[in-house]
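From first to last, the protein sequence lines stand for chains A and B.
Counting with UniProt numbering, you get residues 1 to 222 for the letters of the first sequence.
Counting with UniProt numbering, you get residues 1 to 243 for the letters of the second sequence.
Since the hints were made in silico from the structure, they are not lab data.
One thing to keep in mind: the hints can contain errors.
What the hints assert, rightly or not - If the Cβ cut is set under 7 Å, some of the chain B residues that face chain A in the computed set are:
#1 Leu-61
#2 Ser-109
#3 Val-161
#4 Val-162
#5 Gln-165
#6 Glu-213
To be verified - The following label-pair restraints were derived from C-beta to C-beta distances:
#7 B:Leu-131 <-> A:Gln-182: 54 to 60 Å
#8 B:Val-126 <-> A:Leu-143: 42 to 48 Å
#9 A:Arg-213 <-> B:Gly-124: 41 to 47 Å
#10 B:Thr-117 <-> A:Pro-218: 27 to 33 Å
#11 B:Pro-75 <-> A:Met-119: 35 to 41 Å
#12 B:Val-126 <-> A:Met-119: 57 to 63 Å
#13 B:Phe-5 <-> A:Pro-132: 44 to 50 Å
#14 B:Thr-179 <-> A:His-209: 53 to 59 Å
#15 B:Lys-43 <-> A:Arg-210: 52 to 58 Å
#16 A:Leu-211 <-> B:Leu-131: 41 to 47 Å
#17 A:Pro-132 <-> B:Thr-117: 35 to 41 Å
#18 B:Ala-50 <-> A:Pro-51: 50 to 56 Å
#19 A:Glu-212 <-> B:Phe-5: 48 to 54 Å
Ideal Cβ placement from N, Cα and C applies to all residues, glycine included.
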Amino acid sequence: MTVIDWGYILAAFPDLMRGLGMTLMVSLLAILFSLLLGLAGCALRVSGIRPLSYAMRGYVEFIRGTPYLVQIFFVFYGLPSLGFTLSIFWSGVLALTIWASAFHIESFRAGLASVGREMHDASASLGLRRLPHALLVVAPIALRSALPSTLNTVVGTIKNSAYLQAIGLVELTFVAVDRIAQDFRSTEMFLSICVIYLVVILGVSALGHRLERRLNRPYGSR
Amino acid sequence: MDLLFEYRVFLLSGLIETLKMSAVVALGGTFCAILLTMGITAKPRLLNRASYALVELLRDLPLMVTVLLVYFMLPMTGLGLNPFWSCCLAISVWGGANGAQILRAGLASVGKGQRETAAAFGFGPVKTLLLVTLPQAMPVIVPPYVGLLTALVQATSLGAVVGAQELLRTGQVLIEQTTIMQGGSPAYLVYGSILVVYFTLCTLISLVGARIERHFLKPYSASSGALAEDRAHEIDAAISVRT
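The shape of chain A in the complex, shown without the other chains:
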């Protein structure tokens, strides 16, 4: 194996950090939008209105049953020919949001399903109305039990932002591949981005676990 040229990594560092900035920006926006859409979609899914509920189910099944890369290409290359043009950045945000919200809908739904019947009975016997019941009883329990899979999707959103290099978004992976095409320093570049991705992803996971522990405190140590 070749010896690693640390000087080259140092020289590439500013570029890599700019790429990381883009990765984080796209991911952050997509995480935000997908969580909101996920909540809204889950509300429709369990609304009891048949057509809406089926539509959401179909959406989740379709997104989970198709490759994410093809979804990105459809959004970036396909939508303009339907008269809907977005920049690379916003195409990326949209594609990531579409992907992640399908997974969020499913985990929120599973969270809601975990709220036992006795909770509804207890609320009814206390005379709680629908809205306070939903917000003060069901939501805290459902969101807690949905948290692990939601966090998994959040981390997945950051990881999947790497796919956006395929449409030319200048994020972390794109920067590395672009430099490899110029300087052929693949060992140095892959070592760098692997370390950067690991730091970011393990960091976000650790934050998520802290949040989980904090939220589970009322239920004793788990």
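Position chain B relative to chain A; hints supplied.
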């Protein structure tokens, strides 16, 4: 639609390549999963730690990075691989890491008493695994494993990034050609159809998977079968495949 019909032979060749890649990564992924599971459950501490670290590393890195890494780094080790095989290798190793997690959780779900009883009956480790542990672990393993297989089929689309001539790549070529020759991009039609093809493939795999799942639940009575199914889906949710 005329366009798709006109280039059906070309697109079909891409689909066949995708199916070939899917078969290779399904087999390769399972092979890697078994190897890594053996590593994780092995007694020697060093081997055990190393396999565990490898599994975590592969599950935490974006799959796109793994695929590109293998594609760019393999030639440096003297193996000049073509896009098809380097992509299959990367996806197989990734699938192996996710599969190992599923297999380990499945085997761990079978109570220790079962293995002790088997040992008391004079079963060796291989016999115990094949005749006692594995059949009981199957209801827990199959549902998430089918999910993994669909993820592997979807992952083969990454071949387009490194230049394997699979379905997505043929679609890209077709779009480039017709945009140059006829003007006006048919991208939404081509990519839309490719989405439908993948969706059909994955739905078929899920349907077959559901049948296999039923087969392994058959020995259990209705109530305990439902219990095993519940447990399986619980584990499925907990260890869902990380992209």
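Verification of the hints:
{"no.": "1", "hint": "Leu-61", "in the structure": "holds (6 Å)"}
{"no.": "2", "hint": "Ser-109", "in the structure": "violated (18 Å)"}
{"no.": "3", "hint": "Val-161", "in the structure": "holds (6 Å)"}
{"no.": "4", "hint": "Val-162", "in the structure": "violated (11 Å)"}
{"no.": "5", "hint": "Gln-165", "in the structure": "violated (15 Å)"}
{"no.": "6", "hint": "Glu-213", "in the structure": "violated (17 Å)"}
{"no.": "7", "hint": "B:Leu-131 <-> A:Gln-182: 54 to 60 Å", "in the structure": "holds (58 Å)"}
{"no.": "8", "hint": "B:Val-126 <-> A:Leu-143: 42 to 48 Å", "in the structure": "holds (46 Å)"}
{"no.": "9", "hint": "A:Arg-213 <-> B:Gly-124: 41 to 47 Å", "in the structure": "holds (43 Å)"}
{"no.": "10", "hint": "B:Thr-117 <-> A:Pro-218: 27 to 33 Å", "in the structure": "violated (41 Å)"}
{"no.": "11", "hint": "B:Pro-75 <-> A:Met-119: 35 to 41 Å", "in the structure": "violated (59 Å)"}
{"no.": "12", "hint": "B:Val-126 <-> A:Met-119: 57 to 63 Å", "in the structure": "violated (48 Å)"}
{"no.": "13", "hint": "B:Phe-5 <-> A:Pro-132: 44 to 50 Å", "in the structure": "violated (58 Å)"}
{"no.": "14", "hint": "B:Thr-179 <-> A:His-209: 53 to 59 Å", "in the structure": "violated (48 Å)"}
{"no.": "15", "hint": "B:Lys-43 <-> A:Arg-210: 52 to 58 Å", "in the structure": "violated (34 Å)"}
{"no.": "16", "hint": "A:Leu-211 <-> B:Leu-131: 41 to 47 Å", "in the structure": "holds (44 Å)"}
{"no.": "17", "hint": "A:Pro-132 <-> B:Thr-117: 35 to 41 Å", "in the structure": "violated (53 Å)"}
{"no.": "18", "hint": "B:Ala-50 <-> A:Pro-51: 50 to 56 Å", "in the structure": "holds (53 Å)"}
{"no.": "19", "hint": "A:Glu-212 <-> B:Phe-5: 48 to 54 Å", "in the structure": "holds (52 Å)"}
Violated hints for the displayed structure, listed by number in ascending order: 2, 4, 5, 6, 10, 11, 12, 13, 14, 15 and 17.
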